[in-house]
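Each chain is listed here by its residues.
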Amino acid sequence: NAGVTQTPKFQVLKTGQSMTLQCAQDMNHEYMSWYRQDPGMGLRLIHYSVGAGITDQGEVPNGYNVSRSTTEDFPLRLLSAAPSQTSVYFCASSSGPYAGSPLHFGNGTRLTVT
Amino acid sequence: AQKVTQAQTEISVVEKEDVTLDCVYETRDTTYYLFWYKQPPSGELVFLIRRNSFDEQNEISGRYSWNFQKSTSSFNFTITASQVVDSAVYFCALSRTGAGNMLTFGGGTRLMVKP
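Chains as they are written, first to last, in this note's numbering: chain H, 827 to 940; chain L, 1369 to 1483.
Hints may be right or wrong, so weigh each one.
In silico SDA-like cross-links for lysine to any residue, where the CA-CA straight-line distance does not exceed 20 angstroms [claimed, not checked]:
no., chain 1, residue 1, chain 2, residue 2
1, L, K1406, L, I1417
2, L, K1406, H, T896
3, H, K835, L, F1422
4, L, K1371, H, K835
5, L, K1406, H, Q911
6, L, K1406, H, M867
FYI, nobody ran anything at the bench for these hints, they're computed from the structure.
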């Protein structure tokens, strides 16, 4: 019963470094997404995918790349980290890309960029 | 554009008090879904409830109840006889039909229940 698994849990980067946040789900969910959580702003959608090979931008996509080569995995790449990307990142999945399908969230990755 | 407002950023109550968390939303869609999620101190996000825009019936689940009023664009959440374990950040969210499964979240309300 792993659900949505995110790694790592914590990460510290220096400005300009790159890294990939990993997300995997074992529920055979079609829909996956990445959100960032900042104080007082709730969660904001970065990128999402409605199935393998299909991705699209959310509300705050700049500075992030995604790909979806398998149903299970949806990694988030930061190509050149900036202090503004300091945040908690959540990956989520749902059984379909239908509004109304409850999202299942991972436990989050806390990223600090210095 | 969609918007969700949770005007109460922090609420503090004493155990056994009732507490209502407010959520007001804006959307031009006629069909949409509303959600509440709980984020306990451990940090994970837990789904609590989903309501679609055609169903204005209030819902009760144990000590939790939700009041959806389309006329005032509100979807308020009440906890009856609060307990320390209810301490968490609660998020209200709105999704659109025909737009994948993208949620617009409110800023969250931090609820502190003191013994």
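Hint by hint, here is what the structure shows:
About 10 angstroms separates the Cα atoms of K1406/L and I1417/L, which keeps this hinted pair within 20 angstroms; it holds. With a CA separation close to 30 angstroms, the supplied pair K1406/L and T896/H exceeds the 20 angstroms bound. Note on K835/H and F1422/L: the hinted pairing is violated, with a Cα-Cα distance of about 39 angstroms set against a maximum of 20 angstroms. Between the alpha carbons of K1371/L and K835/H the distance comes to roughly 30 angstroms, so the proposed pair goes past 20 angstroms and is violated.
With a C-alpha separation of about 24 angstroms, the suggested pair K1406/L and Q911/H falls outside the 20 angstroms cut-off, and the hint is violated. Distance restraint check for K1406/L and M867/H: the Cα-Cα separation of roughly 15 angstroms lies within the 20 angstroms cut-off, and the hinted pair is therefore satisfied.
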